[in-house]
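Engineer: Knowing the structure of chain R, use the given hints to seat chain C with the ligands on it.
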Amino acid sequence: MTTHSITVTVNGESVRRAVQARLHLIDFLRGDLGLMGSHVACEHGVCGACTVRVDGAIVRGCLVLAASLDGASVETIEGVSDRGEIRDLQDAFIARNAAQCGFCTPGMLMCAADLLGSNAQPTRAEIREHISGNYCRCTGYQAIVDAIETTALKRVSSDAGGAKP
Amino acid sequence: MSAIIDPAALDRPNSYIGKSVPRPNLPKLVEGRGQYVDDVVLPRMVHVAFVRCPHAHALIKRIDAKDALAVPGVLRVFTGQDLAVVCDPWVAVLVHLAGMKSAPQYPLPLVRATWHGEAVVAVVADTRALAEDGVSRVLVDYDPLPAVADMETALAPGTPLIHPELGDNLCFQRINESGDVAAAFKAAHKIVEATFHTGRHTGVTLEPRSILADYNKGSGKLVVHHSTQAPHMMQGVFAKQLRMAEGDVRVICVDVGGSFGIKVHVYPDEVATVAIAKLMGRPVKFIADRLESFGSDIHARDHRIHGKMAVDAEGRITAIDIDDLTGIGPYSVYPRTSAIEGNQVINLVGGPYDFANYRAKTTVVLQNKTPTCQYRAVGHPIAVTVTEGLVDLAAEALGMDPITFRLKNLMRDDSYPRTSPAGMKFEGLSHIKSLGRLMDMIDYPALRAEQDAARAKGIYRGIGFAAFIELTNPSPFMYGIGGARISAQDGCSVRIDPDGSVVAATGVTEQGQGTEGIIRQIVAEAVGVAVGAVRVITGDTQNTPYGGGTWACRGAGIGGEAALQAGLATRAAALEVASAMLQAHADTLDIVDGNIVDRATAIIRMPLSELTRIVYFRGDTLPPGLPRELMQTRHFITKEYPFAFTNGIQACWLEVDVETGLIKLLKHWVVEDCGRIINPLLVDEQVRGGVVQGIGGALYEHCAYSPEGQLLVGSMADYLVPMAAEMPDIEVGHIETPTRESLLGAKGAGEAGTAGAPAAIMNAINDALRPLDAQVLAQPFSPERILQALGKVPMRG
Ligand code: FES
Ligand code: FES
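Protein sequences, first through last, are from chains R and C.
Count the first sequence with my numbering and you get residues 1 to 165, in order.
Count the second sequence with my numbering and you get residues 1001 to 1797, in order.
In isolation and in its complexed conformation, chain R is listed as follows:
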């Protein structure tokens, strides 16, 4: 089987690996790099549990081939957490119990962060629409929508109050 040598920036660190042509990004992250925060639930691109960022855009890790990522920058829930980028969103998920088993949560958070990055004040319907490709079997979604909505409102009000450094 053909292998490809790739150099990828993962959560800010450069990694170089030889990967098989058929290896998916999610298996590369979990299997080769031990980053277990992104999950596998369908491997068909349906459920969103494997959502990670490639060059700033969210993708399904089970659909992207690792070999195609030479030179790319990948960010996972671990990296986003370490940078504190979505601390407020994570706190809102905790306070609202928007995660039960937590299996969908990393993908859900990556997807929610993506929404808030492009739409600072989404309506509940827009939130529901945006996370529609991320399945959650536990919560029934309402708590997740609430947590995302609360975070958006807080961000807007702290921006308006000039509270940001």
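If you are wondering where the hints come from, they were derived from the structure by calculation, not from laboratory data.
Treat the hints with care, as some may be off.
Said to hold, decoys possible - Covered stretches of chain C, as calculated for chain R (at least 3 residues, CB under 8 Å):
1) 1105-1111
2) 1198-1207
3) 1510-1519
4) 1715-1721
5) 1727-1733
Don't be surprised by glycine CBs; every beta carbon is placed ideally from N, CA and C.
Structural biologist: Only chain C with the ligands this time, still in chain R's reference frame:
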């Protein structure tokens, strides 16, 4: 009642019971730093994948693994015969279900495969991908046999027998009759009748079934990392099937990515994984992929029910008669069995109502489809659909409003304790209060007015109701008396460590519902420390008291009471030491916020950490005979009532697009009485999650089969689960009728949402369609079925 759980005392320090305290598990889970089974990697670990039968029923004539073994990285191939050498088969029957029968089941079949998706051959390789390469190169020579696909004809003469040695395809049948049903129907003012289908569903836990078995040939010990609801039960199962001592088996489950009843059963492929680990003497991992999940996770709810209800001229229910049929696949599932669902239907039909004459029959048949077993709310959604469907038909036949009819027939709140015609004992329920609370929440007259206004514009909206009871806190009457080693009791050990922090080890398990959160709250309050000072240990047979784990909504009611009692005992033990140290009577002291205080004045006498310093490091300074038992264990089991029933009512408001058959859910309400609420936030989210799972079954989810028994769902794109955009906001209200069986007073809350939602939706759809003279009674209520009911598309043959 003790002040410890007096809600009026909520503002005492450390009074956490009844408060929305966030869960301790979440900080790690929101950072992706949990530990699910697939996250565990062990040295020399290998992966197993399975060749699965492509036929509904086939003879396994020959297995040729030569090409598979030639794949670099493929290590071993195992057949049913290979595993039978180290692993005994099991038969899933319960002796209290009289006459029940099933056949021995092996981890991999020896002679015949009996459903599409059954694991037939195991391939072990360095990686999962290589194991799959191996799987694709195993040649199995099958001789397809006629399949039993349709449950309606499973018992008909001429239908092939799945297990000839059983004599027929009947697994179980039970008939229950009380009162004089024939006379009641004869004297009836009106009789309504209908046939309901509840459809085959499956749980679709987002984390698939996962297991990692590690057998050490030197020590003879087996450690199994397992995504399971019942680690102690699985410990016993693995030991028994693999002929090991129970003490040599340890089952660990750290984080579980959803279970919903799916992960409380014994799966042949998982037992095979453990058997292979024992044979190979190295860690073996099996993570089901989604395709194999659909064909091998248990299915559920495949029932057809004829129901009949008699009412008198005043609009009172006088009799109910049901005939239930369910197809459960080729084997009853071990050890809970696949007859319990049908049995539950019989036990629960008519549950909320005051009526005397009841006849019910359930017939449980074998067929060549994926085995079915207990899935969230076992039998409840079926019983509630039949009952509430008949209730609405009866109200309509009488020209009575569905709420008026329910108010007339629901059991009065002051009529307990009482026993239902199905023989269920009720300690105390609140149907009338719950209905009243629901009316406060929904503004019924306004909804009816809106419905009329919409109809005038050609928009069809409907409101549907579903009253329900839910069985929680089960006693050994559910499984134990039938001979299954399934524990109905549970235990908790609470200890105070040298730094004054508290550890609680409990036999109930965490699946995301918040078990660790509520145990932490209960123990913190019982001992008298901040919640942050309590660590909870679950999911490890080596470190927790023996218990049943999570099923039938027992975590809060059973596990919570054990934790409360253990916490109170630990507090008393600490105060005994404090009393000696401070030369004060124990009754005059208390523990508040981690300090020993004077009970009357709340003045701090010393921190708990000072007491523990003395106990653990300077025990010489205490009176020699003084007990210093800062670890206490308590167990709890229900006493008088075999089950603690909860109750409630749901309402659904929706719109049917009569052109496309699409349903738009506008709003959903639930009133639930689960007794004492330990954490309102968690209870509400259990209810909401449960409702959405019920909505899934009602509208989208279906394990569809071809007439030949081929499963037609292969991915999450075929089997639709609820997505965020289609789900409504759900309003949840509560009534609290604590059980007197325990000090805590808690009953279960995890299944009520799922129990009632499908019936509320069905009734709402039929309410919307009433002016068009159409109705649907078969789930899922898909656009196609709606349009068929409206006569807009033909019925499929
Ligand atoms: S695992 Fe990638 S979308 Fe489901
Ligand atoms: S929290 Fe379990 S799948 Fe979302």
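Engineer: State whether the coverage of the segment 1105-1111 of chain C by chain R holds or is violated, taking the criterion as 3 or more residues with Cβ-Cβ distances under 8 Å.
Structural biologist: violated (count 0)
Engineer: Taking 8 Å as the C-beta cutoff, is the stated coverage of the segment 1510-1519 of chain C by chain R satisfied by three or more residues?
Structural biologist: holds (count 4)
Engineer: Per the coverage rule (Cβ-Cβ under 8 Å, at least three residues), is the segment 1715-1721 of chain C covered by chain R?
Structural biologist: holds (count 4)
Engineer: Tell me if chain R covers the segment 1198-1207 of chain C under the three-residue, 8 Å CB rule, please?
Structural biologist: That given contact holds, which follows from 5 residues of the segment 1198-1207 of chain C lying within Cβ reach (below 8 Å) of chain R.
Engineer: Within the assertion that chain R covers the segment 1727-1733 of chain C, do at least three residues meet a Cβ-to-Cβ distance smaller than 8 Å?
Structural biologist: holds (count 3)
The structure fails to meet hint 1 from the earlier list, while all remaining hints are met.
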